[in-house]
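Protein chains in written order, with the working numbering: chain V, 1 to 431; chain B, 1 to 431.
Incorrect hints may have been included.
Which copy is meant is left open, so a pair is good if it fits within one copy or across any two.
Said to hold, decoys possible - Straight line, CA to CA, 20 Å or less: simulated EDC-like cross-link-like pairs of lysine to aspartate or glutamate: (1) Lys113 / Asp376; (2) Lys68 / Glu352; (3) Lys18 / Glu43; (4) Lys313 / Glu351; (5) Lys68 / Glu351; (6) Lys113 / Asp55.
Hints are computed from structural coordinates only; laboratory data are not their basis.
2 protein chains.
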Amino acid sequence: MNAAVDLDPCSKKSVPFKSIDGGVTAPRGFRAAAVACGIKNPEVLRLDLALITSDTPAITDAVFTTNKVRAACVRVSQQHVKLGDARAIIANSGNANACTGPQGIQDAKAMCKATAEALGLKMREVLVCSTGIIGMNMPIQRITPRVSEVAAKLSPTGNEDAARAIMTSDTKPKIYAIEVPLGKGASFRVGGIAKGAGMICPNMATMLSFITTDAKVSRDELKRAMRFAVDQSFNRITIDGDTSTNDTVIVMSNGQAEAPAIKKGSPEAEIFRCALQKVMMELAKMIVSDGERVTKFVEIRVVHARTQADARKAAETVAKSLLVKCSFNGSDPNWGRIIHAVGYSGARIKEELIDIYFNGLIACKGGLTSKTAVSDLEKVVKEPRFTVTIDLNSGSANHTVYTTDLSEAYVDFNSSEYAAALHAKRQKGLV
Amino acid sequence: MNAAVDLDPCSKKSVPFKSIDGGVTAPRGFRAAAVACGIKNPEVLRLDLALITSDTPAITDAVFTTNKVRAACVRVSQQHVKLGDARAIIANSGNANACTGPQGIQDAKAMCKATAEALGLKMREVLVCSTGIIGMNMPIQRITPRVSEVAAKLSPTGNEDAARAIMTSDTKPKIYAIEVPLGKGASFRVGGIAKGAGMICPNMATMLSFITTDAKVSRDELKRAMRFAVDQSFNRITIDGDTSTNDTVIVMSNGQAEAPAIKKGSPEAEIFRCALQKVMMELAKMIVSDGERVTKFVEIRVVHARTQADARKAAETVAKSLLVKCSFNGSDPNWGRIIHAVGYSGARIKEELIDIYFNGLIACKGGLTSKTAVSDLEKVVKEPRFTVTIDLNSGSANHTVYTTDLSEAYVDFNSSEYAAALHAKRQKGLV
Chain V
1 MNAAVDLDPC SKKSVPFKSI DGGVTAPRGF RAAAVACGIK NPEVLRLDLA LITSDTPAIT
61 DAVFTTNKVR AACVRVSQQH VKLGDARAII ANSGNANACT GPQGIQDAKA MCKATAEALG
121 LKMREVLVCS TGIIGMNMPI QRITPRVSEV AAKLSPTGNE DAARAIMTSD TKPKIYAIEV
181 PLGKGASFRV GGIAKGAGMI CPNMATMLSF ITTDAKVSRD ELKRAMRFAV DQSFNRITID
241 GDTSTNDTVI VMSNGQAEAP AIKKGSPEAE IFRCALQKVM MELAKMIVSD GERVTKFVEI
301 RVVHARTQAD ARKAAETVAK SLLVKCSFNG SDPNWGRIIH AVGYSGARIK EELIDIYFNG
361 LIACKGGLTS KTAVSDLEKV VKEPRFTVTI DLNSGSANHT VYTTDLSEAY VDFNSSEYAA
421 ALHAKRQKGL V
Chain B
1 MNAAVDLDPC SKKSVPFKSI DGGVTAPRGF RAAAVACGIK NPEVLRLDLA LITSDTPAIT
61 DAVFTTNKVR AACVRVSQQH VKLGDARAII ANSGNANACT GPQGIQDAKA MCKATAEALG
121 LKMREVLVCS TGIIGMNMPI QRITPRVSEV AAKLSPTGNE DAARAIMTSD TKPKIYAIEV
181 PLGKGASFRV GGIAKGAGMI CPNMATMLSF ITTDAKVSRD ELKRAMRFAV DQSFNRITID
241 GDTSTNDTVI VMSNGQAEAP AIKKGSPEAE IFRCALQKVM MELAKMIVSD GERVTKFVEI
301 RVVHARTQAD ARKAAETVAK SLLVKCSFNG SDPNWGRIIH AVGYSGARIK EELIDIYFNG
361 LIACKGGLTS KTAVSDLEKV VKEPRFTVTI DLNSGSANHT VYTTDLSEAY VDFNSSEYAA
421 ALHAKRQKGL V
């Protein structure tokens, strides 16, 4: 049965992951903390400035937004990543420091400088991330004076505070960590936190994810694993098809685990890659499920495409189609909208070869309506989670994307509700 | 002022167009008619089968959907256009004859054959278009027996019936025609009808437009004018970013005007191109304004891009962005969402060079927030029609796209309301 094609390169490895608490502070030698600076609104204090550090030097890699409009914090962090390995992340919510010109760069550097001073590090050892409203200067006078305080609060139990401090319209913090046995009685750990991908209140949001690990990996291996894991996870989710000015994934590895060093090309290197993927994937799924006003979580699998590029184009186009997302929202097993999106995706397809499944039930066979009872298909799409498999029957390439429905509440939230809230803030002079 | 860049290649020619009644039957020698076959629902009779003919042989050109999933009628009409010049269009609403396999091809051919027989033409002289639900076989037994009846009804006043018969979720027929003086006391006419581009009830809709002209033009000139006019009009509108399986624009020219023949490369050839553009543009704007549950009509102008491709990418990405469309719906002058969409459009841009205007008011200057009072910008976006100009300040290429807001009602219509209606029909065994 075509719907059974396995798309996860890690699923066949029986890696004994154990889910553990602690997020970014689960791996040994990492600490975190957060304080409330009133960045978004000085009248409403909530955690909005987070700090994550490694006690010892770390190997660090990062992936940044591909948007050509890049926030000041992204520009500064990109430079620092180029210069060498950072071991601290200072991150705020409430202001994205995007479209802020030279003043924004100065503010992002000021945040790094204050953090470096508080921790006794070099400036380039600090990465800075911001998320929130764009086009407004940072209220930097409310931020830099608080950095020494958040540094003083750093603790191995500060993970949840940090996870909460980077939230914007997220309804809950996103935290995940695993322990992986490696070597005799030893293990390594990977942990992470993330915040929502939905383009959201107050102005536009950002996908941020900070990952830590105590595995002993080389810089090359970390980079390789990072690319693999990001491509398998964060690059496969879509809520509204937008990429933000601030999207950033950072991974810091400090080698403090007792597990032995992971050698290039070894089975352990593969285990490490899959461990990193596992953490990123869980965080990515949490982001999708917590998308703005989302009621459905849908896995779109394109199988047997001619090439990887064809599989990706078809899956992404279906996952982003407004009409497909509307039909998910209405619990309508509308394979017509799906095949139509495949048709304009740019993927090389033959209409008469396409089969479409809702979970295991075939809805479209060879481009034509199947004999499956519509009432049975409807049962599937009424579920909050289901899989759509599009079998192109043209080759051996596969791709999966995770998407959501499009709800009236999403539109309401991003239009009238949003505009009303912004208008109220403008009246008060808050933005 | 950058916002004043003129993007319409025809706007500088003072072509004395006179708007006239009659749509496709305004040009001399064309007739139209429609009948009600109960294609969508035999219990609810409404006009759903239209016929448009030229009394004399015509030169015909057509542009079809780029979607790789193509309706049977599109496949058959593409063949007929290749074989020579058609002079009749038979078109139905209520069923798109898409994803219907060999049976669909047979049905599309049967419609051409019945029309050819009724009119004494060759089969290849008939083009066939369908719009409506996909994945369901045509109720052909309710259609072909009625073709002789619609042929008998053909009249120079049948335009509005034909325009109504191709409507699906359109709220009104789309009709436009002009007369253009050419030669001593002479003129030529161009007229057209169209139906909605929104992906719509019952399953997915189609942009159909049928244009007629009595101008004396050569086949080459007609083709050239067709490409130009379609690119300036129908290719610049977007409601939900989808292209349908059935999109078709047909132009038929019968040379029955008294105006002299239009020579290649002459000023008259340019006038003809602009006349064709004018008719298509007015129909395109009607389509956008009548988009599903649309409350705003917005012109997105990208000016001073490095290349035409950059201008087009930026304009189309902004016009399709859910968040930008939500902000229009909420009357929010949110230039942040606009610059952000420009950033991920793939256009080559420099953030610090970008200016963004709402009508004549600058909202973003050099990538930063302008000094314009937000209350003044809000006044512009509260209007039902306004223009967003994005000046990339990087070159001399420009592109315009016409778009709409995204309303909660659109989502409601395409999800729950749609699904409920479909479910009810399934219960009745109608689909």
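How the hints compare with the structure:
1. For the identical chains of this complex, lysine 113 and aspartate 376 are neighbours neither inside a copy (60 Å) nor across copies (39 Å), given an alpha-carbon limit of 20 Å.
2. In this homomeric assembly, lysine 68 and glutamate 352 come within 20 Å of each other (Cα to Cα) only across copies, at 11 Å, whereas the closest approach inside a single copy is 39 Å.
3. For the identical chains of this complex, lysine 18 and glutamate 43 are neighbours neither inside a copy (42 Å) nor across copies (62 Å), given an alpha-carbon limit of 20 Å.
4. Taking the closest pair of Cα atoms, lysine 313 and glutamate 351 come within 20 Å of each other only inside a single copy of the chain (16 Å); across copies the shortest separation is 28 Å, beyond that limit.
5. For a Cα distance limit of 20 Å, the shortest separation of lysine 68 from glutamate 351 across copies, 7 Å, qualifies, whereas the shortest one inside one copy, 36 Å, does not.
6. In this assembly of identical chains, the alpha carbons of lysine 113 and aspartate 55 lie at most 20 Å apart only when taken from the same copy (18 Å versus 81 Å across copies).
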